[in-house]
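Trainee: Use these hints to put chain B onto chain A, whose structure you have.
From first to last, the protein sequence lines stand for chains A and B.
Using our numbering, the first residue of the first sequence is number 9, and each one after it goes up by one.
Using our numbering, the first residue of the second sequence is number 9, and each one after it goes up by one.
Where hints are given, some of them may not hold.
[As the list claims (entries may be wrong)] Computed from the model, here is a short list of chain A residues facing chain B with C-beta under 7 Å:
1) Asp51
2) Ser114
3) Ser115
4) Ser118
5) Ser230
6) Gly235
7) Ile241
8) Glu243
9) Glu313
10) Ser343
11) Arg345
12) Val372
13) Lys374
[Unchecked claim] Mimicking DSS-like on lysine-lysine, the simulated pairs with C-alpha atoms at most 25 Å apart in a straight line are:
14) B:Lys32 with B:Lys156
15) B:Lys290 with A:Lys222
16) B:Lys267 with A:Lys294
17) B:Lys267 with B:Lys360
No lab work stands behind these hints, which were simulated from the structure alone.
Backbone N, C-alpha and C fix where the C-beta goes; we use that ideal spot for every residue, glycine too.
As a plain string of letters, each chain reads:
2 protein chains.
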Amino acid sequence: MPSIAPPLQGQDSIRLNRFIEDNKERFVTGLSKMVAIPTVSADPPYPSVFTQMAEYAQNLFQTSGGTAKIVPTNGNPVVVGLFHTSPNNPTITVYNHLDVQPATESSWTSDPFTLRIDKDRYFGRGATDDKGPALTAFLAASFAAQEKIPLNIRFIWEMEEEVGSRNFESFVKTKKSDLKTDGIVVSDTIWISARQPVISTGLRGLLCVILRLKTGQEDRHSGLTGGVARNAIGELCDAVCRLHNPRTGEVLIPGFYKKAKPPTKKELADFEQCGFSVSRFKRDHKFHSMRSRDRLDLMRRIWAEPTFEMHGIVGGHMSAGVKTIVPQTAEAKISMRLVPDQDPNEIFHLLKKHLKSINTDITVKKNATLSPFKGVTSGPLMEMAEKAMQAGFGRMPVRIREGGSIGALPTLQKYLKVNGAPVPVTFLGLSLPEHGYHAPNENFDWRQAEGGIKMFVRFFEETALQKWQK
Amino acid sequence: MPSIAPPLQGQDSIRLNRFIEDNKERFVTGLSKMVAIPTVSADPPYPSVFTQMAEYAQNLFQTSGGTAKIVPTNGNPVVVGLFHTSPNNPTITVYNHLDVQPATESSWTSDPFTLRIDKDRYFGRGATDDKGPALTAFLAASFAAQEKIPLNIRFIWEMEEEVGSRNFESFVKTKKSDLKTDGIVVSDTIWISARQPVISTGLRGLLCVILRLKTGQEDRHSGLTGGVARNAIGELCDAVCRLHNPRTGEVLIPGFYKKAKPPTKKELADFEQCGFSVSRFKRDHKFHSMRSRDRLDLMRRIWAEPTFEMHGIVGGHMSAGVKTIVPQTAEAKISMRLVPDQDPNEIFHLLKKHLKSINTDITVKKNATLSPFKGVTSGPLMEMAEKAMQAGFGRMPVRIREGGSIGALPTLQKYLKVNGAPVPVTFLGLSLPEHGYHAPNENFDWRQAEGGIKMFVRFFEETALQKWQK
Numbered sequence: 009m010p011s012i013a014p015p016l017q018g019q020d021s022i023r024l025n026r027f028i029e030d031n032k033e034r035f036v037t038g039l040s041k042m043v044a045i046p047t048v049s050a051d052p053p054y055p056s057v058f059t060q061m062a063e064y065a066q067n068l069f070q071t072s073g074g075t076a077k078i079v080p081t082n083g084n085p086v087v088v089g090l091f092h093t094s095p096n097n098p099t100i101t102v103y104n105h106l107d108v109q110p111a112t113e114s115s116w117t118s119d120p121f122t123l124r125i126d127k128d129r130y131f132g133r134g135a136t137d138d139k140g141p142a143l144t145a146f147l148a149a150s151f152a153a154q155e156k157i158p159l160n161i162r163f164i165w166e167m168e169e170e171v172g173s174r175n176f177e178s179f180v181k182t183k184k185s186d187l188k189t190d191g192i193v194v195s196d197t198i199w200i201s202a203r204q205p206v207i208s209t210g211l212r213g214l215l216c217v218i219l220r221l222k223t224g225q226e227d228r229h230s231g232l233t234g235g236v237a238r239n240a241i242g243e244l245c246d247a248v249c250r251l252h253n254p255r256t257g258e259v260l261i262p263g264f265y266k267k268a269k270p271p272t273k274k275e276l277a278d279f280e281q282c283g284f285s286v287s288r289f290k291r292d293h294k295f296h297s298m299r300s301r302d303r304l305d306l307m308r309r310i311w312a313e314p315t316f317e318m319h320g321i322v323g324g325h326m327s328a329g330v331k332t333i334v335p336q337t338a339e340a341k342i343s344m345r346l347v348p349d350q351d352p353n354e355i356f357h358l359l360k361k362h363l364k365s366i367n368t369d370i371t372v373k374k375n376a377t378l379s380p381f382k383g384v385t386s387g388p389l390m391e392m393a394e395k396a397m398q399a400g401f402g403r404m405p406v407r408i409r410e411g412g413s414i415g416a417l418p419t420l421q422k423y424l425k426v427n428g429a430p431v432p433v434t435f436l437g438l439s440l441p442e443h444g445y446h447a448p449n450e451n452f453d454w455r456q457a458e459g460g461i462k463m464f465v466r467f468f469e470e471t472a473l474q475k476w477q478k
Numbered sequence: 009m010p011s012i013a014p015p016l017q018g019q020d021s022i023r024l025n026r027f028i029e030d031n032k033e034r035f036v037t038g039l040s041k042m043v044a045i046p047t048v049s050a051d052p053p054y055p056s057v058f059t060q061m062a063e064y065a066q067n068l069f070q071t072s073g074g075t076a077k078i079v080p081t082n083g084n085p086v087v088v089g090l091f092h093t094s095p096n097n098p099t100i101t102v103y104n105h106l107d108v109q110p111a112t113e114s115s116w117t118s119d120p121f122t123l124r125i126d127k128d129r130y131f132g133r134g135a136t137d138d139k140g141p142a143l144t145a146f147l148a149a150s151f152a153a154q155e156k157i158p159l160n161i162r163f164i165w166e167m168e169e170e171v172g173s174r175n176f177e178s179f180v181k182t183k184k185s186d187l188k189t190d191g192i193v194v195s196d197t198i199w200i201s202a203r204q205p206v207i208s209t210g211l212r213g214l215l216c217v218i219l220r221l222k223t224g225q226e227d228r229h230s231g232l233t234g235g236v237a238r239n240a241i242g243e244l245c246d247a248v249c250r251l252h253n254p255r256t257g258e259v260l261i262p263g264f265y266k267k268a269k270p271p272t273k274k275e276l277a278d279f280e281q282c283g284f285s286v287s288r289f290k291r292d293h294k295f296h297s298m299r300s301r302d303r304l305d306l307m308r309r310i311w312a313e314p315t316f317e318m319h320g321i322v323g324g325h326m327s328a329g330v331k332t333i334v335p336q337t338a339e340a341k342i343s344m345r346l347v348p349d350q351d352p353n354e355i356f357h358l359l360k361k362h363l364k365s366i367n368t369d370i371t372v373k374k375n376a377t378l379s380p381f382k383g384v385t386s387g388p389l390m391e392m393a394e395k396a397m398q399a400g401f402g403r404m405p406v407r408i409r410e411g412g413s414i415g416a417l418p419t420l421q422k423y424l425k426v427n428g429a430p431v432p433v434t435f436l437g438l439s440l441p442e443h444g445y446h447a448p449n450e451n452f453d454w455r456q457a458e459g460g461i462k463m464f465v466r467f468f469e470e471t472a473l474q475k476w477q478k
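Chain A on its own, in the form it takes in the complex (with noise of 0.2 Å):
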């Protein structure tokens, strides 16, 4: 038997496709609800939002012949949904998110919260990131339950993903002894393009700051007061420029890159082989021009090095026409990505003491933090991802490091175990570049669902047979 040879033939085969055909509706059906559920971490629209989540997530494993725990924290809570077999038998944790990133842009098309459905492509908030990656994962689960694939299936949905995951290490450490599991898959990365899936070997950690300055107690006229009157927007932008140089990113600050790894010969070449394209890059994001067009260049900036990026300043006049004050208050929204060995900790500590010696008036305030996070590169895991992908796509995946960052791996690895080892995890992400993760009209996809559901089927037996053997 080829090593590549799916598992399911004959009647298996037809029965899965049998599934995914009488389960379209549903997944549909489902996206629709939990898109209309606006779970938006970062600016909720009602305080009970997270739990009316919860509440539908452990609903869908109850009715579907699995049970599921809505497990509180000092946040929004966590839905631990779970397929059992046996105890005898191994246990994979699927990793996926049901909170979203705001949505206020004003280039919408459509409500972002009511899923619009044009053919096979669906329209809204969390539909890629990452509530369509879940459902997906969660009925391929259901499928082999049904088949009795000997496997036990957890899901952990998190629903602060998106704010920095900052209950999340509370929330393992407590339940660490439910938690036990042989290995942890997380469908929340991003294929380089529609035809080229990958499996991340690393993400880029996080760390989110707020600058603040105060030079008096109210915004004041410019005709008055302007030429001595401070200007707080004007100071704060003159320290952002004296952080990193906004043209070309390079950050200023001392120390800053002390600790960043570049990425190994091996992960260069794997770089090098994996089908990215600058042209489609640029257009699926739909730049006008980039920092970058070096093809090798590129990929490093967006995968492998650290970055700083303004969000947004807000204070003065920010609604039409101009005001003629001299603001006196503003805040610049700042995040960095940080990469291996990066400690967002010591970068925090490190961007003090600079701009202390900017501007002594201005303060920083840390809003979140995520460790970088190295993956596997090899081993058996990473060959069962392979395969997966291979089933459900046709395609090997192709091995790159991920820009963005997941804070719950870090801490997943940090308290759970496998003989004394960290438990191994790999990615087996559904999300294309021009799904719009984070962007306006974010959107899913039925090809991407359906060889979604055939990837875990396939990944699931893949893990069970595994564990058979050794």
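Mentor: Chain B alone, transformed into the frame defined by chain A:
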């Protein structure tokens, strides 16, 4: 007869005091009604707000023995009111504006468009800028008419002053034959302190611009694209920091200062004499610190030197929390105060040229231009204004420049001539630093209204006398 003795003496003076006493309630009711019409020219809440204001103003004249016309323009109408005595009498024109600044600041302690009366202090947007002074001058004129002072008093009440008087020139050009006048008095300037009235000898001009940068179609995820995506807010900050130094205020546009005339020795001597207090200025404006604490340097900075201010940056994520996107569209709202003989259009050209050398993708839009204004520093009109101030408030005004801008003045002098020379202009302002021009909790007070009525009555008498003597 001593030159500063008030002409209204004995019975006359008693009648004026009784008029003021009898009209206090009328003043408060009138101000309350005017503040309740939210004439925010930069962002009107509904289209008919200026018609409503114009009709209210017209009615004021018609019910007080005067007449008034509402003159339509391509923007907001101008109200021209008149108390007419005889074509043989001289004519004085009082300029005010009835539009107001936006009132979106969160620190308003009561609704900005509902007059809050706290003893003899009146809080509301436009109370001091410029509805309160307009109403004060109006009451004085209605008393002068009632007393049959041999003078024609015309009022020009504009409603686009806060947005650069963009249709005022076409109004004056079209109506110049109806607007013939022997002198103009502007009541829209601010004292040094509650104890020190001023007469302005010059005003700064203004150039408002909006810088825009669009580096892609939509904001993108900073994990997916950060490092290679251009950051529109960051690049705007960079450009702005190359156009000026936000800490010192120094403008870095080549040629910017070339035509800026430093104040004369006489002017500087007047500044020195004017009773300006650094600590009172700081306290009145509620500043924590300022760019300068040197008294003469501070006065030069706010009255006689040009500025560059950032009023706000729009783009990216401006609501609660941090959203890790790379903003692809951003807009910086900027204005420059200009001094004689800087020309706003020339400065705009220099700015555009320099910006092109900084970042070719940034576009710049001219939002408003106002020429700087050189007023009279001597002559009969200045003397009459000084006598009027003395009569109203018991103190001689000092001569300073004003840091603000009134776009209408250069226009009025361009089209209205007396014996071929530009019509003389003087200033009788009533606002105090603590009134909060353009700031939250803007207010006016009865002391200024009461003294203001006396001041204007005396000014009208002086101008009537002056003309009889010629």
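Trainee: How about Ser230 of chain A: closest beta carbon in chain B under 7 Å, or not?
Mentor: holds (5 Å)
Trainee: Could you check if Ser114 of chain A really has its C-beta closer than 7 Å to a C-beta on chain B?
Mentor: Violated. Min distance 10 Å.
Trainee: Less than 7 Å between beta-carbons is the criterion; does Glu243 of chain A satisfy it with respect to chain B?
Mentor: holds (5 Å)
Trainee: Classify the hint on Asp51 of chain A as holds or violated, based on whether any CB of chain B lies nearer than 7 Å to its CB.
Mentor: Since the shortest Cβ distance to chain B is 5 Å, the answer is holds.
Trainee: So, Gly235 of chain A near chain B? Judge it on the closest CB pair being under 7 Å.
Mentor: holds (3 Å)
Trainee: Going by Cβ atoms only, is Glu313 of chain A closer than 7 Å to chain B?
Mentor: holds (5 Å)
Trainee: At a threshold of 7 Å, is the proposed contact between Val372 of chain A and chain B supported by beta-carbon distances?
Mentor: This hint is violated: Val372 of chain A lies away from chain B, its Cβ roughly 13 Å from the closest one there, beyond 7 Å.
Trainee: Next item in the hint list is Ser115 of chain A. Is there a CB on chain B closer than 7 Å to its CB?
Mentor: holds (6 Å)
Trainee: The hint names Ile241 of chain A as touching chain B; please verify it with the least Cβ-Cβ distance against 7 Å.
Mentor: holds (5 Å)
Trainee: Have a go at the Ser118 of chain A hint: is there a Cβ in chain B nearer than 7 Å to its own Cβ?
Mentor: violated (15 Å)
Trainee: Return the status of the interface hint for Arg345 of chain A: holds when the least beta-carbon distance to chain B is below 7 Å, violated otherwise.
Mentor: Since the shortest Cβ distance to chain B is 5 Å, the answer is holds.
Trainee: Under 7 Å is the threshold here; is the Cβ of Lys374 of chain A close enough to any Cβ of chain B for the hint to stand?
Mentor: Because about 11 Å separates Lys374 of chain A from the closest Cβ in chain B, which is outside the 7 Å limit, the hint is violated.
Hint compliance for this structure: hints 2, 4, 12, 13, 16 are not met, and every other hint is.
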